[in-house]
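Asker: When you get a sec, could you build the whole thing from the sequences and use the hints?
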Amino acid sequence: MLNLLIGVCLAYVIALFAVAFWAERASMQGRANWLRSPMIYTLSLSIYCTGWTFYGAVGYAARSGLEFVTIYLGPSLVLLGWWWVLRKLVRIGRVQRVTSIADLISSRFGKSNGLGVLVTILAIVGTTPYIALQLQSVTLSFGAFANSESLSNNTAALWLGAGLALFTILFGTRNLDVHERHHGVVMAIAVEAVVKLCALVAVGVFVVWGVLGGIGPVLHEIDTSKVATWDVNGNRWIALTFLSGAAFLCLPRMFQVLVVENADEGHLHTASWAFPAYLMLMSLFVIPIAVAGLKILPTGSNPDLFVLSLPLSLEQDALAMFAFIGGFSSATSMVIVASLALATMVSNHIVMPIWIKWSEHRVREFGDVRRIILISRRFAILLIILLGYIYYWISGGGAALAAIGLVSFAGVTQVLPAMLGGIFWRGANRIGATAGLLVGFAIWLYTLFLPSLGNVYSAAFLAEGPWGIWWLRPQALFGVTELDPLVHALFWSMSLNALAFFVGSLISFPTPIERLQGAQIVNVYDHSPTQRGWSGRAAQSEDLMIMAQRILGVKQARALFQAEVQNQGGQGYLPDPTPEFLRTLERELAGSVGAATAHAMIGQTVGGTSVSVQDLMAVADEAAQIMEYSNRLEEQSRELTRTAQELQSANEKLTQISIQKDAFLSQVSHELRTPMTSILSFAQILRDGASLKGQDQSRYASIIHDESVRLTRLLDDLLDLSVLENGQVNLNIAKGRVQDLIDRSIATVVAGDAAMQMQITCKIPDDLHSLTTDLDRLGQVFINLISNAKKYCDAASPKLQISAHQSGCDVIIDFVDNGIGIPAQDRDFIFEKFARVGEQKTGGAGLGLTICKEIIARLGGEITYLSGHRGAAFRVQVPVNFHAA
Amino acid sequence: MAKTVLLIEDEVNIIEALSFILSRDGWDVVTHSNGHDANEVITRREPDLVVLDVMLPGKSGFDILRDLRRDPRHQNRPVLMLTARGQSKDRDMAEQLGVSKFMTKPFSNADVRDAVNELLSG
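Which chain is which? The protein sequence lines are A and B, in order. If you read the first sequence in this note's numbering, its first letter stands for residue 1, the second for the next number, and so on. If you read the second sequence in this note's numbering, its first letter stands for residue 1, the second for the next number, and so on.
Hints were generated in silico from the structure; no laboratory data involved. Incorrect hints may have been included.
Calculated cross-link-like contacts (lysine-lysine; reagent style BS3-like; alpha-carbon spacing at most 30 angstroms) [what the hints assert, rightly or not]:
no. : chain 1 : residue 1 : chain 2 : residue 2
1   : B       : K59       : A       : K790
2   : B       : K89       : B       : K59
3   : B       : K3        : A       : K693
4   : A       : K661      : B       : K89
5   : A       : K791      : A       : K661
6   : A       : K791      : B       : K59
7   : A       : K735      : A       : K853
8   : B       : K101      : B       : K59
9   : A       : K735      : A       : K763
10  : B       : K59       : A       : K661
11  : A       : K661      : B       : K101
12  : A       : K790      : A       : K853
13  : A       : K790      : A       : K763
14  : B       : K89       : B       : K101
15  : A       : K799      : A       : K853
16  : A       : K791      : A       : K853
17  : A       : K653      : B       : K89
18  : A       : K763      : A       : K853
19  : A       : K763      : A       : K799
20  : A       : K853      : A       : K661
21  : A       : K735      : A       : K790
Partial list, computed: chain A residues near chain B (C-beta under 7 angstroms) [unchecked claim]:
no. : residue
22  : H670
23  : R673
24  : T674
25  : M676
26  : T677
27  : S678
28  : L680
29  : S681
30  : F682
31  : I703
Have a look at the derived ranges for each label pair, beta carbon to beta carbon [unchecked claim]:
no. : chain 1 : residue 1 : chain 2 : residue 2 : range
32  : A       : A751      : B       : E118      : 44 to 54 angstroms
33  : A       : S691      : B       : Q96       : 37 to 47 angstroms
34  : A       : A701      : B       : E118      : 26 to 36 angstroms
35  : A       : R875      : B       : D25       : 50 to 60 angstroms
36  : A       : Q759      : B       : Q96       : 45 to 55 angstroms
Just so it is clear, CB atoms sit at the ideal spot from N, CA and C, and this is done for glycine as well.
Answerer: Structure representation (structure tokens):
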């Protein structure tokens with residue numbers, strides 16, 4: 001029997017695999033349209049009905065009468081009356097790309113990772129009993145079937161857990177979808193929904209018509225059964241209805257199928273009547289089965305197993321097997337979706353933030369992140385199912401199924417105030433949400449979860465409270481003793497949770513991003529059009545084309561669109577904006593403008609999603625990166641411009657130098673040719689001319705002589721200048737008196753021209769003793785200046801005054817004559833080569849002052865023209881003590 | 001009556017040499033030693049030949065030639081340019097401006113005499 005059971009389980013699981021695999025394939029190939037039908041959506045909601053509902057509802061009814069109805073009533077009321085809450089949640093989920101309930105809470109309250117972690121932990125702790133419950137229900141059903149067999153309950157639970165983990169990992173973490181949608185899993189769940197409904201109805205039909213003999217007898221049996229005699233406890237009814245309704249919204253697995261896996265808001269319309277109908281069918285035969293079980297089965301039989309034990313005891317093995325499959329199906333679908341939803345939360349809110357922080361300084365690639373996410377999810381799934389197993393193991397599997405389920409419900413319901421407050425009240429903020437969650441979670445742990453484990457508290461602790469503080473008794477907080485423990489825990493945890501949430505939100509201020517997120521989420525309808533996803537709207541192709549052209553360039557955009565048109569087998573140049581094409585386009589755009597920007601742009605163009613604050617921030621980050629990059633480019637370009645300018649100016653300088661060199665050579669050539677011309681011409685005259693007078697002959701010979709001297713002097717000057725300019729001067733530094741040097745210079749000039757008319761006066765102070773420099777070179781300058789004065793001074797009685805004085809470390813010697821001086825406009829270039837002033841024709845080559853300037857520069861001094869004198873005035877300034885540069 | 005040669009040159013020794021050579025050949029040599037008023041002197045003297053230096057104080061030989069050729073009275077007046085600037089670009093410049101003959105310094109006396117003879121006998 002056991003082998004058969006295991007075989008059936010395996011076969012069933014393999015069939016589920018096949019369904020999931022096929023659905024996954026179909027959705028990958030884009031043939032998944034009917035997979036997204038409202039019916040599939042409605043059926044997927046049936047994971048609300050777990051093993052607990054399947055087996056436990058009958059047990060519940062057998063123990064507490066009609067109270068089990070509250071478990072179905074809550075969700076039905078939510079769907080029928082509160083569908084607008086669901087619609088808002090679904091819209092927010094789509095617009096904000098919410099991946100889990102933890103993500104919703106964290107997004108709403110300013111992307112607070114702390115809140116994400118808190119909700120994740122709360123969800124794990126709250127879901128653990130529930131997973132344990134599923135393991136327990138399957139294990140119990142196993143036991144009921146195979147009473148005498150050797151397999152222990154714990155081992156069975158362990159194997160079951162492992163199998164479920166494997167299935168979840170295989171289909172829940174095959175790949176990453178930005179929307180966290182899992183078509184394969186959803187399809188499998190829909191199939192399971194049908195299986196469990198059929199199984200329960202089959203058992204019910206068998207019981208009503210096969211066992212009790214029709215509707216009339218059934219009603220009679222109900223009236224006489226103790227099931228109908230149970231008092232209806234008003235408090236518990238209200239509390240349980242509220243609890244199940246709240247849990248329907250807050251359970252991680254419900255949030256997953258309701259919001260995350262929702263492909264179309266319109267599906268809610270169908271679900272709002274179809275799901276209550278489904279629940280009604282599920283509950284229709286609960287009472288008859290309970291009544292029949294109580295009547296037929298021996299007293300002491302576990303009412304939680306009536307669904308299974310009734311057909312078994314009546315030897316309807318096939319039906320029993322079907323019922324077993326139904327129960328198995330209920331339990332497995334819950335575990336799969338719950339562990340998947342929790343794993344998403346664990347990887348997104350706990351593993352990723354830690355990993356990102358840890359690898360902050362490493363190079364990150366998408367492939368890398370993807371690997372980490374998938375691995376962390378797989379481990380999280382294993383861990384969560386393992387936790388469920390541990391809870392099952394610790395609690396001993398003894399507590400009634402329904403009780404465990406309610407503990408779990410109450411735990412996850414703690415998210416309700418933060419969630420509803422967050423989507424309807426803009427004033428809600430992170431502090432309030434955190435406070436509410438912490439307070440509610442703590443009270444739940446203290447008053448409900450820990451007691452549910454069995455023997456955590458001693459009897460004295462329960463009766464007198466910790467340290468004898470009576471108002472802290474876990475099941476009678478603040479002295480409230482009248483209430484049922486569940487109602488008590490729910491009342492205190494929810495009211496104090498909500499209170500902390502409101503007070504916390506009122507007394508603290510939200511951060512800017514919280515304000516923005518709050519506005520985006522609370523006013524989600526203002527920020528998003530009703531369009532679903534990125535599918536549909538053919539008219540957008542044109543807009544997409546324009547946008548793509550702007551970013552990719554006309555040619556590339558056309559090529560991309562053209563390829564897609566051919567791919568779709570269409571005509572023209574605009575393809576249909578299918579989701580696949582939009583993804584391709586987004587990827588292409590992301591290569592140019594960054595992923596976040598690309599997403600935001602496509603979202604805006606297609607109108608499927610509004611741009612969230614997170615998107616904007618990511619866009620800003622990208623913009624900042626681009627700015628930085630462009631700044632770097634600009635910097636580079638500035639540098640290049642600078643270099644180019646430097647090169648250009650260097651080139652200009654070189655050109656200038658080249659021009660100057662040409663001009664210089666041309667000048668030198670002219671200066672050399674001129675005396676040469678006279679020499680040659682007169683030499684020819686002398687050579688040819690026999691008829692010259694003697695007087696002319698000697699005159700011409702002397703011209704040749706003078707011009708030759710001039711030529712020689714010119715060559716000397718040129719050589720001298722060339723040496724000075726190249727800096728290859730050997731200075732002969734010696735010490736001498738200024739007076740002596742000037743006297744010697746005057747003597748040299750006078751010796752060259754005995755008939756000199758110019759009167760030279762010297763004014764040299766006695767205290768100006770000596771200077772150390774190249775005395776010969778300095779003397780050369782003095783001679784040049786004195787000769788110039790002699791040559792160019794045009795006064796009737798030419799006079800030259802030479803005066804000297806010391807100024808700091810320098811000696812200053814001025815040469816001032818009484819001629820007309822040098823015109824102001826010429827003073828700037830008298831020190832240039834071959835500069836001649838006016839029309840003076842005195843045979844100089846125009847290199848004298850240039851040489852003077854070079855010599856004085858070598859001696860570390862300066863020669864300048866002194867303005868402000870009537871005649872020509874030069875000032876020579878040299879250091880008293882020459883220092884080699 | 002002997003034909004007149006106007007010698008515009010600033011180097012006294014060269015003026016003396018050229019005057020000697022050309023006078024000996026029978027030409028009437030007139031000299032002028034700066035560029036400022038060279039064109040006025042040419043207009044006034046109406047020489048049969050102008051021997052023109054380039055590097056002149058006040059106004060360069062090229063400028064004098066350019067102004068001369070613009071004046072209808074002097075468009076065909078023979079001009080012998082004689083310069084120490086012997087680069088080919090100077091020669092090109094002179095020919096472009098309409099010089100009759102271009103010679104560089106230093107020169108051979110015989111060549112100058114031949115050139116003047118040629119220009120004045122034409």
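Asker: Could you run down the list of hints and mark each one as holding or not?
Answerer: Hints and how they fare:
Distance hint between B:K59 and A:K790 is fulfilled; the C-alpha atoms sit about 28 angstroms from each other, no more than 30 angstroms. Pair hint B:K89 plus B:K59 holds up; C-alpha atoms about 19 angstroms apart against a cutoff of 30 angstroms. A C-alpha spacing of about 26 angstroms is found between B:K3 and A:K693, which places the hinted pair at or below 30 angstroms, so the restraint holds. At most 30 angstroms may separate the alpha-carbon atoms for a hinted pair to count; A:K661 and B:K89 meet this at roughly 16 angstroms.
Taking the CA atoms of A:K791 and A:K661, the gap is about 29 angstroms. The hint holds against a cut of 30 angstroms. Only pairs whose Cα atoms come within 30 angstroms are accepted, and A:K791 paired with B:K59 is accepted, the gap being roughly 24 angstroms. Taking the CA atoms of A:K735 and A:K853, the gap is near 21 angstroms; set against the 30 angstroms cutoff, the hint holds. A hinted pair counts as satisfied when its Cα atoms are at most 30 angstroms apart, and B:K101 with B:K59 qualifies at roughly 20 angstroms.
Between A:K735 and A:K763 the CA atoms are separated by roughly 21 angstroms; this keeps the pair inside 30 angstroms, and the hint holds. Proximity of B:K59 to A:K661 is assessed by CA-CA distance (about 24 angstroms); at most 30 angstroms being required, the pair is judged to hold. This hinted pair checks out: A:K661 and B:K101 have alpha carbons roughly 29 angstroms apart, not beyond 30 angstroms. Restraint check: the Cα-Cα separation between A:K790 and A:K853 comes to about 19 angstroms, which is no more than 30 angstroms; the hinted pair holds.
The hinted pair formed by A:K790 and A:K763 meets the criterion: a straight-line CA distance of about 18 angstroms does not exceed 30 angstroms. A C-alpha spacing of about 15 angstroms is found between B:K89 and B:K101, which places the hinted pair at or below 30 angstroms, so the restraint holds. Between A:K799 and A:K853 the CA atoms are separated by roughly 23 angstroms; this keeps the pair inside 30 angstroms, and the hint holds. A hinted pair counts as satisfied when its Cα atoms are at most 30 angstroms apart, and A:K791 with A:K853 qualifies at roughly 19 angstroms.
For a cut-off of 30 angstroms, the pair hint linking A:K653 to B:K89 stands: about 23 angstroms separates their Cα positions. Of the supplied pair hints, the one linking A:K763 and A:K853 holds, its CA atoms being roughly 23 angstroms apart against a limit of 30 angstroms. Taking the CA atoms of A:K763 and A:K799, the gap is about 13 angstroms. The hint holds against a cut of 30 angstroms. Annotation: proposed proximity of A:K853 to A:K661 holds, straight-line Cα distance about 19 angstroms (limit 30 angstroms).
Among the hinted pairs, A:K735 with A:K790 is consistent with the structure: their alpha-carbon atoms are about 28 angstroms apart, no more than 30 angstroms. Nearest Cβ of chain B to the Cβ of A:H670: about 4 angstroms, under the 7 angstroms cut. The hint holds. Here the hint on A:R673 is kept, as its CB sits about 4 angstroms from the closest CB of chain B, short of 7 angstroms. At a threshold of 7 angstroms, the smallest CB-CB gap from A:T674 to chain B is about 5 angstroms, leaving the interface hint in force.
Against a cut-off of 7 angstroms between C-beta atoms, the interface hint on A:M676 holds, since the closest Cβ of chain B lies about 5 angstroms away. At its closest, the beta carbon of A:T677 sits 4 angstroms from a beta carbon of chain B; the interface hint therefore holds under the 7 angstroms criterion. With a cut of 7 angstroms, the hint placing A:S678 at the interface with chain B holds, because the nearest CB-to-CB distance is about 4 angstroms. Because the smallest distance between the Cβ of A:L680 and any Cβ of chain B comes to about 4 angstroms, under 7 angstroms, the interface hint for this residue holds.
Contact between A:S681 and chain B, as hinted, is supported at the beta carbon level, the nearest pair being about 4 angstroms apart and thus within 7 angstroms. Interface restraint check for A:F682: the shortest CB-CB distance to chain B comes to about 6 angstroms, inside 7 angstroms, so the restraint holds. With a cut of 7 angstroms, the hint placing A:I703 at the interface with chain B holds, because the nearest CB-to-CB distance is about 5 angstroms. Distance hint check for A:A751 and B:E118: the Cβ-Cβ separation is about 50 angstroms, which falls inside the suggested range of 44 to 54 angstroms.
The supplied range of 37 to 47 angstroms is met by A:S691 and B:Q96, whose beta-carbon atoms lie about 41 angstroms from each other. Taking the beta carbon of each, A:A701 and B:E118 are about 31 angstroms apart, inside 26 to 36 angstroms as hinted. Restraint check, A:R875 to B:D25: a C-beta distance of roughly 54 angstroms satisfies the suggested window 50 to 60 angstroms. Judged by the Cβ atoms, the range 45 to 55 angstroms given for A:Q759 and B:Q96 holds: they are separated by roughly 53 angstroms.
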